[in-house]
Amino acid sequence: MKKLILLSFVVLAFTSCSKEMEDEFIDQSSKVLDLVASNPGIVEHSFGGAGYVKVSNDGTNFYVEFIANSGHKLLNSRLDIVSQPSDFATNGGNNLPPGQMGNVHHTGGGVSSYTYEFLMSDYADCVYIAPWAIFSGGGNDTRHYAGDILGGKDDKNNAWSYFKYGECSIDDEVVACNSTYMLSAPATTLNTFYREKPSTSNWGWYQYYNNAPTSSQTFDVWTGAGGNDTSKGFRAGTVTIAVNEGVVTATPNWIHGGFSNEIHLNVSETMPAKRPAPGKFVNSGDTNKDGKFVVIFHSRTCWINLVPRS
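Numbered per our numbering, the sequence shown spans residues 928 to 1237.
Since the hints were derived computationally from the structure, they do not count as laboratory data. Model, not experiment: these values are computed from the prediction. Mixed in with the good hints, there may be bad ones.
Think about it this way: if two alpha-carbon atoms lie no more than 30 Å apart in a straight line, the pair counts; the simulated DSS-like pairs of lysine-lysine are [to be verified]:
(1) 1201 with 1219
(2) 1124 with 981
(3) 981 with 1000
(4) 1219 with 1207
(5) 1201 with 1159
Work the whole structure out from these sequences, hints included.
What follows is the structure, encoded as structure tokens:
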């Protein structure tokens, strides 16, 4: 790996956007990739709400630092660094179990950060990095990967991701989008309520609140889980449903570099008499303040995958 000049890297993120914004996102991403390919410096990727990974260099060594956010501690970190994505230690189906990753560190009771150090001359000018971590702090954002390129799945049926670092050739970008629903707790499916047979295109969940005048709760969101079978999809992030004096808001937090160009939120006193298409959801976000209402969260969630040019 050649010596690289340090440079701050701004990560672009979207919550909801139009088709025009999606095209602009892709265009801006191309410019960012051009910038990173010639001068990567400092690169950061999120582990969701629990922490993030930061890569930097001093011209001789490069450093991969796992950092816990406030309220969390880093318990375990694993790391794979390869010259080509095909070099990752995946098994059948392009799965990357954490146990097959090369660099491992256990922190015992937990630390705020841990840094791996590597000699730049031992690596190619462009490397692909797959980081994985376990954080304390509870909740749903404590065990997963970071990166903006989607891989396959790990041994727990979670999607794994990675990112590139160094003087890399520019890759073609492929935007992949899929239907995403909030997984209710306990799981209550739309198919059961409307007495419909689940399928790859007919699925989803709803959350019923019985007494929640003021509350905040975070749920997993799943993409591609056709037939309400999460093993067919993967966890795309979380959404926090907040209730304040009858007003309901939904705040998504995507992982794996995801973004959404369509978000549909149904908030109603009772379930609709007929199942509405996501674009026909009741989006008022208001209730009569008695704390009893139904929430359905749906999104068309997208990721940018990188396909190396031949």
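Subject >> Violated hints - listed by number, lowest first >> reply: 2
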